[in-house]
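Undergrad: Sequence:
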Amino acid sequence: MEIKALFPIVSVLDPLVTLALWLSLLSCAIKVSKLW
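At position 28 of the sequence shown the residue is numbered 28 (my numbering), and the sequence of numbers has no breaks.
Honestly, the hints are just simulated from the structure, not real lab data. Yeah, the Cβ is synthetic: ideal placement off N, Cα and C, and Gly gets one too. Among the hints, a few may not be true.
[Stated by the list, open to error] The following label-pair restraints were derived from C-beta to C-beta distances:
#, residue 1, residue 2, range
1, 29, 9, 39 to 45 Å
2, 13, 33, 28 to 34 Å
3, 36, 13, 45 to 51 Å
4, 31, 4, 39 to 45 Å
5, 5, 36, 33 to 39 Å
6, 33, 12, 37 to 43 Å
7, 2, 34, 42 to 48 Å
8, 30, 10, 43 to 49 Å
9, 5, 33, 42 to 48 Å
10, 33, 4, 29 to 35 Å
11, 14, 34, 37 to 43 Å
12, 4, 25, 42 to 48 Å
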C-alpha cells in the first residue's frame, strides 16, 4: 500500500530531478563559456 502511494510522487519527482540536472549542467556550461 505504501509503495503504491509513493508511485505518483516518484512520477512527479523524476522529471523534476532530470530538469534540475540539466539546469545544473547548463549553468556549468555558461560559467565555463564566460571564462573563455
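Undergrad: Each hint needs a verdict: does it hold in this structure or not?
TA: Hints, one by one, checked against the model:
Taking the beta carbon of each, residue 29 and residue 9 are about 30 Å apart, not inside 39 to 45 Å as hinted. Evaluation of the 28 to 34 Å hint for residue 13 and residue 33 yields a pass: the beta carbon distance comes to about 30 Å. Between residue 36 and residue 13 the CB atoms are about 35 Å apart, so this pair departs from the stated range of 45 to 51 Å. Distance hint for residue 31 and residue 4: a CB-CB separation of about 42 Å, consistent with the stated range 39 to 45 Å.
The given range of 33 to 39 Å is broken by residue 5 and residue 36, whose C-beta atoms sit roughly 49 Å from each other. In this structure the supplied range 37 to 43 Å is violated for residue 33 paired with residue 12, their Cβ-Cβ distance being about 32 Å. Our hint of 42 to 48 Å for residue 2 and residue 34 holds, since their Cβ atoms are close to 46 Å apart. Against the hinted window of 43 to 49 Å, the Cβ-Cβ separation of residue 30 and residue 10 comes to about 30 Å, which falls outside the hint.
Against the hinted window of 42 to 48 Å, the Cβ-Cβ separation of residue 5 and residue 33 comes to about 44 Å, which satisfies the hint. Distance hint check for residue 33 and residue 4: the Cβ-Cβ separation is about 45 Å, which falls outside the suggested range of 29 to 35 Å. The supplied range of 37 to 43 Å is broken by residue 14 and residue 34, whose beta-carbon atoms lie about 31 Å from each other. Against the hinted window of 42 to 48 Å, the Cβ-Cβ separation of residue 4 and residue 25 comes to about 33 Å, which falls outside the hint.
Of the numbered hints stated above, those contradicted by the structure are hints 1, 3, 5, 6, 8, 10, 11, 12, listed in ascending order.
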